[in-house]
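Those protein sequence lines, which keep their order, are chains A and B.
Per my numbering: the first sequence = residues 3 to 210.
Per my numbering: the second sequence = residues 386 to 637.
Mimicking BS3-like on lysine-lysine, the simulated pairs with C-alpha atoms at most 30 Å apart in a straight line are:
hint, chain 1, residue 1, chain 2, residue 2
1, B, Lys475, B, Lys504
2, B, Lys622, A, Lys20
3, B, Lys453, A, Lys20
Label-pair distances were calculated between CB atoms; the ranges are:
hint, chain 1, residue 1, chain 2, residue 2, range
4, A, Asn198, B, Asp541, 39 to 45 Å
5, B, Thr520, A, Lys164, 50 to 56 Å
6, A, Glu105, B, Glu618, 48 to 54 Å
7, B, Gly530, A, Ala163, 51 to 57 Å
8, B, Ile601, A, Glu105, 38 to 44 Å
9, A, Glu77, B, His479, 24 to 30 Å
10, B, Asp521, A, Pro123, 25 to 31 Å
11, A, His81, B, Ser499, 39 to 45 Å
12, B, Ile537, A, Asn107, 38 to 44 Å
13, A, Lys161, B, Asp521, 43 to 49 Å
14, B, Asn632, A, Asn40, 49 to 55 Å
15, B, Asn581, A, Asp28, 35 to 41 Å
16, B, Arg495, A, Thr63, 24 to 30 Å
17, A, Ala163, B, Asn581, 27 to 33 Å
If you're looking for bench data, these hints aren't it; they were derived computationally from the structure.
The model shown is predicted, which means the values in this text are computed figures rather than measured ones.
Backbone N, C-alpha and C fix where the C-beta goes; we use that ideal spot for every residue, glycine too.
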Amino acid sequence: MKIAIINYGYGNLHSVAKAFEKANFDFNLNSNIEVTNNPSKIENADKIVLPGVGSFLDCSTAIKQIDGVYDAMQENIIHKKNKFMGICVGMQLLADIGYENQECNGFGWLPGSVEKIQVSPEYKIPHMGWNEVNAIESPLFKGISNNSDFYFVHSYHFKTAKENIVASTIYSSEITAAVQKDNIFGTQFHPEKSHNNGQLLIKNFIDW
Amino acid sequence: MLKKRIIPCLDVNNGRVVKGVNFIDLVDAGDPVEQAKLYGAEGADELCFLDITASSDNRQMLLDNVQKTAENCFIPLTVGGGVRVIGDIKNLLHAGADKVSINTAAVTNRKFVSEAAEKYGTSTIVIAVDAKKTTDNTWEVFTHGGRNATGINVIDYCQEVESLGAGEILLTSMDKDGTKSGFDINLLKNITSKLNVPVIASGGVGTLEHFAEGIIEGGASSVLAASVFHFGEFKIKDVKRYLADKNIPVRI
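Isolated chain B, as found in the complex:
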């Protein structure tokens, strides 16, 4: 049976993990390579790297980091942040990323999604969607790290990028992100029930129950979390054990 995936996300700024796991046994907690090794050994099913570097001058630093991390990471690695042109995808894949996540550039230029999928295969292209609730059953797509409203309906947008070749959707609820109050289950349900591609739930995890809710009620194929892992509240194996007890298939 296909397992539900637990994916820790690392925020990387200027080549350093800025929101990383706080384990004292790490020689250098800001080193993405150390973090990747640790998460791999702990049983993470994939790793997500989010480049939050504002300046494009530091792009090479990201590539070097992706390369060093990939060399030490024998689980799939998704990299996102500032992916704007085909060349960005090529460079990241060449450096060792397995999947590339596109956010703003997919909203501003839909053709980019189909070009990317055609060139590198649908399963390589993850579309990251930042969703903000507008009414009870509608959500709006935001771009530029959640700063810019677009007026685009999230459900329509997800269906559109799926038809253009997105292989996976990384769906973040902006309302829930950082609140630790659980996923926006209604949002998840609306998207997972309408799409054929897998959806990664993101934004809002604070308890073990939330992981299970995202999967069982929300229909997510994977759950992404940052702070609960980084600050050592849960270890990957705690989450998996909890989910396994709830009869959710996980890799242990």
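Bound conformation, chain A alone:
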């Protein structure tokens, strides 16, 4: 199985790739993991991972600036319906629109918007650190006990319909921790930085 991790100059590619390679090796999964911005490789991959660190606007702009990358993703994920995983801003980009710094269109693959987290005054922003993730039954959270800790770092969050939310966390109020609709999956937290729980989740995605 070929897994393409999309390289668009943003995101902690190196960490994501290493975490996937480790899970692949430790769980004997035999997949082939490649970091790439080559449209034909992206189009022909069996699964796609989109990391993301930085602002919604910068990430969205950067992807669309590389010739053919967005189209190849669309072909692979929307038409072929191959499995997709977005991480942090890579998940937020699924939304119709984001409001970080300035209004900016997302991919529009999952209806919703990315808005600043609203918290009561005693809560710090960014939401930074390990928080408990409450997941519904999903193949992606298989073997991960409920309320396990994952590492978050963000100031904006994805507001989408309840039926798209597969996991949430509490930070002053409820925050989307993971979304899934059909073949499209995404996490607000960073599985690549969530030690053993993150490794299990990555294994589940490779197995999915």
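Assemble chain B onto chain A, guided by the hints.
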């Protein structure tokens, strides 16, 4: 509930950990990769790398080390020491750092903070502040590893860098650092009560009680320590168990 973070800090000089954990089971105690693996397995919530190399010639060695460490470190990694220009941040992030800590360069050029935050996101930029007490309720910012006084008030400075886009403050009390007599709680309280971003408490930890004080009384989101971990006085899990008994939320 969001957990309070326990962060061990490694001092790295010329690619070698100079203040590292003294565990006999480590093949090479000076190897940052070995240290990172060990701390990750022990339950550290993040890892902090401080490059104390004086010469800039060795910058590439740091990058190689960050890269090798990041490959073996599946928890967040913050790297600091000698970060002066945007290119330094880019190189460190590219090598696998998750956050970059800026100290002196933020004091001498505030614009650097806003540029860095704009380019790489506020949550990537940690501002490290070395604070020295001047009167009962005032502290002064020091730079260049604590050698140079600046005349800048710490509270004003922290508020300023927060408004410029700092995502986190790493606050070290120079008066307490190395004393093992506990954090400067008054300093911590003054900063955590006035800022909206998380504050990492640093400088002075000597006992388990000190960790709890920094969090409960000082209002810190995380606690950073070096020597108590390096010299094996406490293991990460001892600290967490102690904090959990005090009803402080920690990841166990």
